[in-house]
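Read top to bottom, the protein sequences are chains A and B.
According to the numbering used here, the residues represented by the first sequence are 19 to 370, in order.
According to the numbering used here, the residues represented by the second sequence are 19 to 370, in order.
If you're looking for bench data, these hints aren't it; they were derived computationally from the structure.
Note that the structure is predicted; figures quoted are calculated from it, not measured.
Hints may contain errors.
Note that identical chains are pooled: a pair holds if it fits in a single copy or bridges any two copies.
Unchecked claim - Once the Cα atoms are required to be at most 27 Å apart in a straight line, the calculated DSSO-like pairs of lysine-lysine come out as:
#1 K126 to K136
#2 K158 to K267
#3 K181 to K94
#4 K126 to K267
#5 K158 to K340
#6 K356 to K340
#7 K94 to K348
2 protein chains.
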Amino acid sequence: MSPQLYIAYCSNARRALLAGLAEFAILFTAFFPVSALAEAATATDPLPSWNDGATKQSIIDFVTRVTKEGGPDYVKPAERVATFDNDGTLWIEQPMYTQFAFAVDRVKATANQHPEWKTQEPFASILAGNLKGLAASGEKGMVEIMAATHSGMTTVDFNTTVKDWLATAKHPRFKVLYTDLVYQPMLELLDYLRANDFKPFIVSGGGVEFMRNFADQTYDIPPERVIGSSGVTQYQMWDASPVLVKQRKILFVDDGPGKPEGINHFIGRQPIFAFGNSDGDKEMLEWTAACQQLCFMGLVHHTDASREYAYDRNSDVGKLDKALDEATAKGWTVVDMKTDWKTIFPAAKTSP
Amino acid sequence: MSPQLYIAYCSNARRALLAGLAEFAILFTAFFPVSALAEAATATDPLPSWNDGATKQSIIDFVTRVTKEGGPDYVKPAERVATFDNDGTLWIEQPMYTQFAFAVDRVKATANQHPEWKTQEPFASILAGNLKGLAASGEKGMVEIMAATHSGMTTVDFNTTVKDWLATAKHPRFKVLYTDLVYQPMLELLDYLRANDFKPFIVSGGGVEFMRNFADQTYDIPPERVIGSSGVTQYQMWDASPVLVKQRKILFVDDGPGKPEGINHFIGRQPIFAFGNSDGDKEMLEWTAACQQLCFMGLVHHTDASREYAYDRNSDVGKLDKALDEATAKGWTVVDMKTDWKTIFPAAKTSP
Chain A
19 MSPQLYIAYC SNARRALLAG LAEFAILFTA FFPVSALAEA ATATDPLPSW
69 NDGATKQSII DFVTRVTKEG GPDYVKPAER VATFDNDGTL WIEQPMYTQF
119 AFAVDRVKAT ANQHPEWKTQ EPFASILAGN LKGLAASGEK GMVEIMAATH
169 SGMTTVDFNT TVKDWLATAK HPRFKVLYTD LVYQPMLELL DYLRANDFKP
219 FIVSGGGVEF MRNFADQTYD IPPERVIGSS GVTQYQMWDA SPVLVKQRKI
269 LFVDDGPGKP EGINHFIGRQ PIFAFGNSDG DKEMLEWTAA CQQLCFMGLV
319 HHTDASREYA YDRNSDVGKL DKALDEATAK GWTVVDMKTD WKTIFPAAKT
369 SP
Chain B
19 MSPQLYIAYC SNARRALLAG LAEFAILFTA FFPVSALAEA ATATDPLPSW
69 NDGATKQSII DFVTRVTKEG GPDYVKPAER VATFDNDGTL WIEQPMYTQF
119 AFAVDRVKAT ANQHPEWKTQ EPFASILAGN LKGLAASGEK GMVEIMAATH
169 SGMTTVDFNT TVKDWLATAK HPRFKVLYTD LVYQPMLELL DYLRANDFKP
219 FIVSGGGVEF MRNFADQTYD IPPERVIGSS GVTQYQMWDA SPVLVKQRKI
269 LFVDDGPGKP EGINHFIGRQ PIFAFGNSDG DKEMLEWTAA CQQLCFMGLV
319 HHTDASREYA YDRNSDVGKL DKALDEATAK GWTVVDMKTD WKTIFPAAKT
369 SP
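Kindly produce the complete structure, drawing on both the sequences and the hints.
Structure (structure tokens):
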């Protein structure tokens, strides 16, 4: 076997090894040059879109310490649970949450089936292009819009609608697909964690079924590792075939204290690594900080108005206030988007 | 490398390969004798505790077909979701559901903190050892007992209590730990599916937090792959530390139609393989049968009064009536415990 093939082969095999095959490890170390592999790994920067500095170093230090077998901070692969907020942490959330943009478009697309919407708020404002009227409807209006556009159909039909929308809808400022507006540095972080046998989960206030339609392809996070807010679904027989029909009733709100509650409900383990960007992530980060071993808590601070957006304490979308104070007080990692990230979005897809 | 070491090494590496590393596959097939591996695999019976016959063959045929790359029934590893009921499918459920035995023991153990229970049903009947009185309290009484013993504490304290109980409580007939009363043929089936890159999940009417305390060690199924009925938990701060406190309120009942609903809620994929043993699994099996490719639906029929129990249509615990008719009509696999299973429980742990 040529040296290149040999190293490529070993570095793939090493992942299987780290997954916990103890006997295999004994065989492996007896026959393969592990030290050479370790050198090869450190020679390549795992986070090339992150500028060197304290933020990047805090991530690498943490991963190095919890994966060092025999070290005081070692954590077994099975317990390397990493949780990520989605909106504003993995992809763009301004000028409005992407799922809400989807809901607004669905109101327009299905208005002909709802003649009553012409005079009924908040639908009338959407159909008239009256954003002030929509804003005036407040949280109650938002809930009404979400319920109307996220219920009454089967899960299969809903998924088709979301996939079709994601394949065509463009962001109002960047004029590209929403799935192109994911953060390149965070994609690298997900890859880096997976290469170190972490299990990344999404833990988002967004709708679980909405996110599962792109998380797999966009982030390489499979549906069963996506946690989010959810509505009740009901098992029914339609034409002698079983379907799940989405109901208006909310089952679970995965935001704020709902994040640790959701992590317990879906995963049943405490994370050792968590990343968010808003006050809705505060309790998830606190819950992670209460873990029994070395833990990592991170926040993305949106500070780059020219390449993305700059917002925090006074933003309606992704408000970051109390969590920023807590992160500062407790020494959690805070990403300064403007200085810590070399690039924001994947190359060749966007120009601000 | 000696031939034995070489084969051991390759067969471990093969699992990594099947996980989907395409480039690795090319390297691997160029340098390793895959045909020799295939022969070695078929030479070993993957289900040694299953008697040869139509039942065993239906499982092996299904797995062979969906894993044959390039074949008409091939399913990608990521989509090989397998769901298993727990009570009566993976472990014993007679003479009463194990979790209910735990709850009854908890009533006795905590009675001194609840003097009112001496005169309050259904607790009074439990404390007096009056099983008829307990039975008379019906479903309402059962719910009351479950709520009283599964709420008011933190998730951490609950987990400790369950682990302590499982380490000591004995089954009334077999006089061994409940975790010794798992079905050896089903353990082999779980291993066989995992070796073929399936992802086994538990989908049970039982409490998710109860099951997560033994599923990992007993079945090699990690907490995040255990789905079950669940109560609401509430995030609170106790002495400036975050805790999750179990509430009396039910969040989700994972039984009957709740099984496909729960599968959608937690996994977000339709299974291609499902195994149950009672009418509570009927909708999960129907939902699996509605999948878009080749699917497998199985039922364990308890027919062995001497080695375990014999029960079906008239049983209060694990009633199997409508699902048995549907399985027969639709040609699903029905395990006849008495004739299909060589052994019931893991060797050297139990004697009936």
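Here is what the structure says about each hint:
1. K126 to K136: within (11 Å within a copy, 62 Å between copies)
2. K158 to K267: both (14 Å within a copy, 25 Å between copies)
3. K181 to K94: between (36 Å within a copy, 20 Å between copies)
4. K126 to K267: Within. Shortest intra-copy distance 23 Å satisfies the 27 Å Cα cut-off; inter-copy 38 Å does not.
5. K158 to K340: within (24 Å within a copy, 44 Å between copies)
6. K356 to K340: within (21 Å within a copy, 62 Å between copies)
7. K94 to K348: within (26 Å within a copy, 44 Å between copies)
Consistency with the previously given hints is maintained throughout, with no hint failing.
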